[in-house]
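Colleague: Listed below are the residues making up each chain.
2 protein chains.
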Amino acid sequence: MERKQGLQVGVIGLGSMGFGMAGSLLRAGHSVTGCDVHPEPARALAAAGGRAASKPAEAAAEADIVVVVVVNAAQTETVLFGPDGAAAAMKPGAVIIASATMAPDIARGLAARAAALGLLYLDAPISGGAAKAAQGELTIMASGSPEAFSRARPALDAMAAKVYELGDEAGVGAAFKVVNQLLAGVHIAAACEAVTFAKRLGLDLDKVYEVITGSAGNSWMFENRVPHILEGDYTPRSAVDIFTKDLGIVSDIGRAEKFPLPIAATALQMFLMTAAAGMGRDDDASVARLIAQITGLDLPKKAR
Amino acid sequence: MERKQGLQVGVIGLGSMGFGMAGSLLRAGHSVTGCDVHPEPARALAAAGGRAASKPAEAAAEADIVVVVVVNAAQTETVLFGPDGAAAAMKPGAVIIASATMAPDIARGLAARAAALGLLYLDAPISGGAAKAAQGELTIMASGSPEAFSRARPALDAMAAKVYELGDEAGVGAAFKVVNQLLAGVHIAAACEAVTFAKRLGLDLDKVYEVITGSAGNSWMFENRVPHILEGDYTPRSAVDIFTKDLGIVSDIGRAEKFPLPIAATALQMFLMTAAAGMGRDDDASVARLIAQITGLDLPKKAR
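Chains as they are written, first to last, in this note's numbering: chain Z, 65 to 368; chain W, 65 to 368.
Derived by calculation from the structure, the hints in this document are not laboratory data.
Just to be clear, a hint being listed does not mean it is correct.
Any copy, or any two copies together, can satisfy a pair, since identical chains are not distinguished.
[To be verified] No more than 30 Å apart at the CA atoms, straight line, and that leaves these computed lysine-lysine pairs for DSSO-like: (1) K119 / K271; (2) K322 / K271; (3) K366 / K119; (4) K366 / K271; (5) K119 / K322; (6) K366 / K322; (7) K226 / K309; (8) K155 / K226; (9) K226 / K271; (10) K271 / K309; (11) K365 / K322; (12) K322 / K155; (13) K155 / K365; (14) K309 / K155; (15) K322 / K226.
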């Protein structure tokens, strides 16, 4: 197989998602420079064949593509436009792929600031979790100009199994992700409520998992998260705090738009209670542990 | 193929589910006598090769198996143990298959009353909707004695693609169904909330359906019900009032057990609001129409 000419790619944010995406870019033959607030993951990236940068500007200086995989809108703004930010260091015509979940109007604002510097911007939230990130099999919900898509394409292909092209300006990708997170968060909280309720009713939880995943009550999240409860394993694959954040974004937009979101609001409160009880950094299925604590239920414990 | 010796089966309740189940029993070679509060469906059953009875006792008199497919626990009690009820007319050792969604303790009580008359009782709630009922491809969540399962088997096989055997006494099947309905109801209400929110955000709803059904925000109900919204078709496949009833049962059990169910409680309120606005008999995706009415959104209208 002919090796394609690799691009220079900067990856800012090397958490469980960003580190996996950087690895996928390396495997696809690109030169990857990574940067994180913690030094360890950048060193690990260097050991894997990439390069470590200490600041966003340094990761972005020679890049054709800069992928931003930080936690939220505020961090995205800081790493792009703050001190030592990436944007001012980028070559004209280079493209920013911004993957944090954020409100659509904030995505539009960031895209406008990038455009003012002669940069392209792809509003490109991701879905799929750390395992899919490491495998280069994410789902990306993207919007931006055809030129931004075109320049970003080699990186998108390396990182994603599926790229939805949702519109020609920033904000649309963000809005799709927000709608997805509304459902994802509600379904996790509902799964935790249903499984603990089933336990209170005296049901065999393994059987509950079997029956519900074969019935009309199933959801992607029920199928994916309930095994964590059955195994008593709350090692964070995705943390409670991700959903206090994402359902917080949903809630903020609902208030700004005067749009009532009663189910999402209730789910947000369940994640907030779980975080308040000290489990914010644990797996998001910890909502079930919170309910068990409150109600005195014995859920399965992790085998040692 | 050798024709098996058919059994005598009474079907009490010939609504969209019961009529389909009666048809499946006929196709399997059983003799079916049907009964409903309305005369038309029993006549239609007679025209299709069954027999019409005017009272539960008449449908049950010669039956080996009596399938009860009425709306709720109260109707189940009435058709079994009320005036002209089925139970007193049944042969000793005959089996009742009770399919209405109800609280587990009520199912246990009905089973005990049946046992006192020398009858077998299978607690056997159904899932799958009218189309699967007509095709003999329901899911049945059943519990009861091995003898009850054994006697009921020919009817179960005729009506269901999948029979879960969940325990050896009544109440367990009911509890599984209640847990399934908690999730199903929450997922419908959440789908309606998410789709209307997406509309407010200016998104293309067909694209939302495509993206979400391929993403972590998907649920069985999202996939099944959102097309009703996209087509603007609220002809009831399953009605809002089914979920005011079933989430009402969930809520009653939660209160009796002192078990908090905040997500289910919120979903119940959404169905109650939709019913209060005059849409109780319309398709359960009408929660989206309620939200659209409240917020002034234009959802798709049905093509004529």
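Colleague: Indicate, hint by hint, whether the structure satisfies it.
Modeller: Comparing the hints with the structure gives:
1. K119 / K271: Neither way: K119 and K271 sit 51 Å apart in one copy and 38 Å across, limit 30 Å.
2. K322 / K271: between (42 Å within a copy, 24 Å between copies)
3. K366 / K119: So K366 and K119 fail the 30 Å test inside a copy (40 Å) and across (55 Å) alike.
4. K366 / K271: within (18 Å within a copy, 41 Å between copies)
5. K119 / K322: neither (40 Å within a copy, 54 Å between copies)
6. K366 / K322: Only across copies: K366 and K322 sit 27 Å apart there, 44 Å inside one copy, limit 30 Å.
7. K226 / K309: Within one copy only: 25 Å inside, 40 Å across.
8. K155 / K226: within (28 Å within a copy, 61 Å between copies)
9. K226 / K271: between (33 Å within a copy, 14 Å between copies)
10. K271 / K309: So K271 and K309 pass the 30 Å test across copies only (25 Å; inside, 33 Å).
11. K365 / K322: Result: close only across copies, 24 Å inter versus 43 Å intra.
12. K322 / K155: Neither, since 41 Å and 62 Å both go past 30 Å.
13. K155 / K365: neither (53 Å within a copy, 49 Å between copies)
14. K309 / K155: So K309 and K155 fail the 30 Å test inside a copy (32 Å) and across (62 Å) alike.
15. K322 / K226: neither (33 Å within a copy, 45 Å between copies)
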